[in-house]
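Enquirer: Numbering (UniProt numbering), first residue to last: 1 to 700.
Simulated from the structure, these hints should not be mistaken for lab results.
Just so it is clear, the structure is predicted and the values come from calculations on it, not from any experiment.
Quick reminder that beta carbons are idealized off the backbone N, C-alpha and C, glycines included.
Any given hint could turn out to be false.
[To be verified] 16 Å max Cα-Cα, derived EDC-like pairs, lysine to aspartate or glutamate:
id: 1; residue 1: K290; residue 2: E255
id: 2; residue 1: K579; residue 2: E605
id: 3; residue 1: K434; residue 2: D447
id: 4; residue 1: K290; residue 2: E347
id: 5; residue 1: K336; residue 2: D360
id: 6; residue 1: K143; residue 2: D81
id: 7; residue 1: K434; residue 2: D512
id: 8; residue 1: K147; residue 2: E196
id: 9; residue 1: K147; residue 2: D69
id: 10; residue 1: K589; residue 2: D504
id: 11; residue 1: K147; residue 2: D195
id: 12; residue 1: K336; residue 2: E347
id: 13; residue 1: K336; residue 2: E8
id: 14; residue 1: K579; residue 2: E606
id: 15; residue 1: K589; residue 2: D512
id: 16; residue 1: K336; residue 2: E383
[Claimed, not checked] Label pairs and their computed distance ranges (CB to CB):
id: 17; residue 1: M456; residue 2: D512; range: 30 to 36 Å
id: 18; residue 1: T631; residue 2: T595; range: 40 to 46 Å
id: 19; residue 1: S590; residue 2: G556; range: 36 to 42 Å
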Amino acid sequence: MTCNPRYEILFEPMRIGPVTAPNRFYQVPHASGMTNALPRVRAAFREAKAEGGWGVICTGACSIDPSSDDAPLPFATMWDDNDIRAHALMTEAVHRHGALAGVELWHGGASVMNRTSRLPPLSPSGIPWMATHVGFMGNLRPKTMDKADIREVLRCQAEAARKARTAGFDVVYVYAGMGYLGYEFLLPEYNHRVDEYGGSIENRVRFVREMIEVTKDAVGKDCGVALRVSLEELRGRPGRNQPSEAHELIELLAELPDLFDVKMDSSPTDCSASRFTGEGSHEPVIDFVKSLTTKPVVGVGRFTSPDTMVSQIRRGVLDFIGGARPSIADPFLPNKIREGRETEIRECIGCNICISSWHDGVPVRCTQNPTAGEEWRRGWHSERVERTDAPERILIVGGGPAGLECALTLGRRGHEVMLADSSRTFGGRLTFEKTLPGLSAWNRVVDYRLGRLSEMSNVSLYPESVLGADEIVDLAPDRVVLATGARWSNMLYSSLEIPVGRLDHPDVLTPDDIAAGRLPQGPTLVFDFDNYYMGGVLTEHLAAQGIPVSYVTPAGQASAWTIMTNELPLVHRALARRKVSVTTLHLLKSFDGETATLAHLFTGEESRMACRSVLIVGLRLPRGELFESLTQRAEALAAAGIRSVDRIGDTLAPGAIAHAVHSGHKLAQEIGAKIRWQPYRRDTPIVDAVADFDMRTAAE
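Sequences and hints are given; from them, build the entire structure.
Expert: Structural data, given as structure tokens:
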């Protein structure tokens with residue numbers, strides 16, 4: 001197959017100052033949880049995208065100096081020769097496939113706490129960046145930068161740029177967005193200065209201009225220099241000579257950088273979840289930039305449709321199609337478009353599990369792509385698996401995310417796969433969840449896998465097939481994989497913050513009841529200690545049906561864990577639009593059909609809430625009956641030639657869909673392998689042992 005002619009514009013080479021990108025696909029800087037402590041993991045993760053056709057591959061935030069220390073959150077550094085060698089692994093890997101390598105040099109300013117370096121954070125006017133996320137909280141306030149501090153940061157930027165060039169990078173960034181130091185100079189809320197760096201927009205831009213200038217002086221003949229800048233807040237501020245201060249900023253810097261990388265101001269808007277924001281959502285904020293500069297512009301918008309990409313270019317919105325989340329979900333997205341295989345794109349679902357990985361301080365995870373972050377650790381490839389030399393007949397019971405991924409990977413390995421599900425349609429939990437407010441894109445997990453499975457002659461699909469232990473023994477497959485999912489319980493929650501006891505009443509429901517079509521009668525209390533999306537989205541769902549609903553949780557916010565996926569403020573706005581009352585820090589103690597008794601989590605003080613029904617969104621438990629039944633028939637299994645019975649996904653351990661998909665993929669990679677539970681490879685930092693010894697000797 002060949003590229004559709006209307007998509008050929010996406011594969012035109014593009015200049016970025018002195019370097020040329022092979023196409024318009026640009027993996028913008030994004031956090032991956034892979035720091036200099038995991039250089040091989042990081043290199044393999046980025047190399048997969050270069051192999052898949054992305055023309056420019058960038059790092060995440062890379063600190064220029066110990067005064068920009070984001071620990072314990074993961075961040076890279078460009079401080080010394082060890083860092084150069086660590087980054088060189090990535091640039092060499094990217095260059096092997098003809099792509100450019102970019103580095104996002106970064107100073108966090110007042111948004112970092114410098115917990116490890118113990119240096120005072122820096123900011124233009126000593127104004128802290130306060131956050132509700134515990135990962136960003138701290139009690140060390142920033143130092144107001146004097147002229148010597150400004151000169152030192154400029155020196156560090158230039159020195160880091162030179163190190164980046166030595167490491168092999170082709171594009172070097174100046175970062176002025178997302179609450180970091182350059183951004184703090186741009187916004188008057190942070191910048192109260194009365195010298196040449198404060199006041200007018202011309203003065204507030206000065207620091208960013210100087211950062212670009214020193215970077216170009218350091219590497220400009222060898223590397224493209226990019227400015228990454230947030231425009232959302234400035235776009236809302238009227239300008240003196242232009243429609244907004246965002247327009248004025250671009251006009252003032254129009255021809256200075258070699259590329260503009262434009263974005264939003266905060267994570268909830270910059271990388272908003274699909275539950276709240278559609279594809280191309282940045283356009284209303286960044287659509288003017290190209291009209292004020294001749295330099296190329298890259299932006300993002302969770303682009304997965306090649307038609308949307310072409311539209312952005314032809315309408316003069318962007319020159320490069322930026323991708324972060326879509327490049328994780330499918331590193332081979334560009335090649336699939338180039339080869340006319342658009343239907344094979346593994347589209348990002350916008351769940352933001354990848355972002356939660358960074359907040360957790362671990363290598364990136366992806367719901368759609370279980371191989372993300374595992375390229376070096378486990379030797380997994382997003383498009384290829386090792387074919388088995390001993391094909392087996394494998395029965396998978398359960399066609400949800402785990403079962404579908406397991407069937408797909410086993411099929412690709414060459415096994416004969418039978419996938420059975422009791423329902424009329426495959427999809428498991430997503431059969432219901434895709435119908436809930438904002439979650440329709442999540443069914444891409446099912447659509448992608450069913451599309452690929454339908455092409456495989458060695459995989460058979462059996463919907464509406466209820467299998468018990470006797471039927472499985474009669475089928476006599478070589479192996480059995482159980483992906484029968486989990487069920488929601490009606491357990492309550494204790495002051496020790498653990499599930500305890502059950503609340504039995506005819507009008508106490510769980511999400512399984514809602515999925516089965518049963519709606520509560522009258523005013524309903526949703527009690528949520530699952531803390532991810534389900535409690536909030538079911539509350540929206542009930543409110544949309546005209547049911548009066550109140551939300552109660554022992555956590556400090558509604559859907560509290562969604563702070564990890566950047567959804568928390570949007571969840572609260574959605575509940576407010578539905579006129580839902582939110583009660584935090586309270587336990588549900590009892591319910592008599594007319595009144596629910598609540599207790600404050602910390603004080604125990606009780607209160608009453610009138611309601612006719614209660615929906616408990618809390619603990620999920622595996623559907624383990626079939627596994628237990630099979631394990632009790634060990635002799636019958638052996639006589640039938642069944643070598644193993646394994647569990648995957650929620651049947652093994654309930655979790656997010658990302659966990660289920662990873663579980664299914666992992667087992668499919670391991671079945672029939674000589675070493676079943678081989679641990680992943682552990683990466684190590686690149687350290688000059690002699691230098692360390694010399695430092696210790698000097699200290700002694």
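Enquirer: Checking against the hints above, which ones are violated?
Expert: 2, 4, 5, 6, 9, 14, 15 and 19
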